[in-house]
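S.K.: Sequence:
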Amino acid sequence: MASPIQKNLVEKNAEYSSKFTQGDLALPPAKQYLVLTCMDARLDPAAAFGIDLGDAHVIRNAGGSARDALRSIIISEQLLGTKEIILIKHTGCGMLTFTNEDAHGLVKKNLGPSAAAEISTLDFLPFPNLEEAVKQDVEYLKKSAAVPAAVPITGWVYEVETGKVRQVI
Numbered sequence: 001m002a003s004p005i006q007k008n009l010v011e012k013n014a015e016y017s018s019k020f021t022q023g024d025l026a027l028p029p030a031k032q033y034l035v036l037t038c039m040d041a042r043l044d045p046a047a048a049f050g051i052d053l054g055d056a057h058v059i060r061n062a063g064g065s066a067r068d069a070l071r072s073i074i075i076s077e078q079l080l081g082t083k084e085i086i087l088i089k090h091t092g093c094g095m096l097t098f099t100n101e102d103a104h105g106l107v108k109k110n111l112g113p114s115a116a117a118e119i120s121t122l123d124f125l126p127f128p129n130l131e132e133a134v135k136q137d138v139e140y141l142k143k144s145a146a147v148p149a150a151v152p153i154t155g156w157v158y159e160v161e162t163g164k165v166r167q168v169i
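The working numbering puts the first residue of the sequence shown at 1, with every later residue one more than the last.
Simulated from the structure, these hints should not be mistaken for lab results. This list has only true hints and no planted wrong ones.
Estimated spans, in silico, between C-beta atoms of each pair:
| hint | residue 1 | residue 2 | range |
| --- | --- | --- | --- |
| 1 | Asn61 | Ala26 | 23 to 31 Å |
| 2 | Ser3 | Lys135 | 38 to 46 Å |
| 3 | Ala2 | Gly163 | 32 to 40 Å |
| 4 | Asn13 | Asn110 | 27 to 35 Å |
| 5 | Asn13 | Val165 | 26 to 34 Å |
| 6 | Lys7 | Ala41 | 18 to 26 Å |
The beta-carbon is built from N, C-alpha and C at its ideal position, and this holds for glycine as well.
Take the sequences, apply the hints, and build the full model.
M.R.: The following block contains the structure:
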C-alpha cells in the first residue's frame, strides 16, 4: 500500500509530466557550473539562485560538505564539463548543532550496537562555525589534486531567514 507521501509524488509527477517539454536537454549542464549546497528543506537552489533546468549540477548533502561531495564533483567536472564550483552553506544549519560523539551516541541509542559498530569510524562532518566551514571547504577543494587549479571556487552563505546570499570567500 502506498504511503500518503508516495501518492503525492505520483500525483504531482503526473501534473508535472503532463506539461513537461524539456526532454531534449543535453546531459552536460548548459552553463557549465555546479552548486554544492545543503540538503536542508528550507533551501530551494533553483529558485534562490536562478538555476533553470539544464543549467547546472546541484549537489546536495548534509551541510553542503565538499569532502562528502568530492566523488560527484569529479564526475561533474571530468565527465560532464563543469568549469566552476559555487559552494553554499546556510544559516541555521543542523550541522552546527551536534558533534561526532553526539551522532555516534544517538545511533547507538536508537539503532543498537550493530549499527554503532558499522558507523564507528564515520565522520558526520559537523562544524561549529559557519563562515569558517565555508572557508575550510573552499580551501579543501582548491588544494585537492582532483580539482583542476583553473576551476574558480567561491564560498557563500544563504540566510534562511531572509532568502539572501552573501559571499564569504
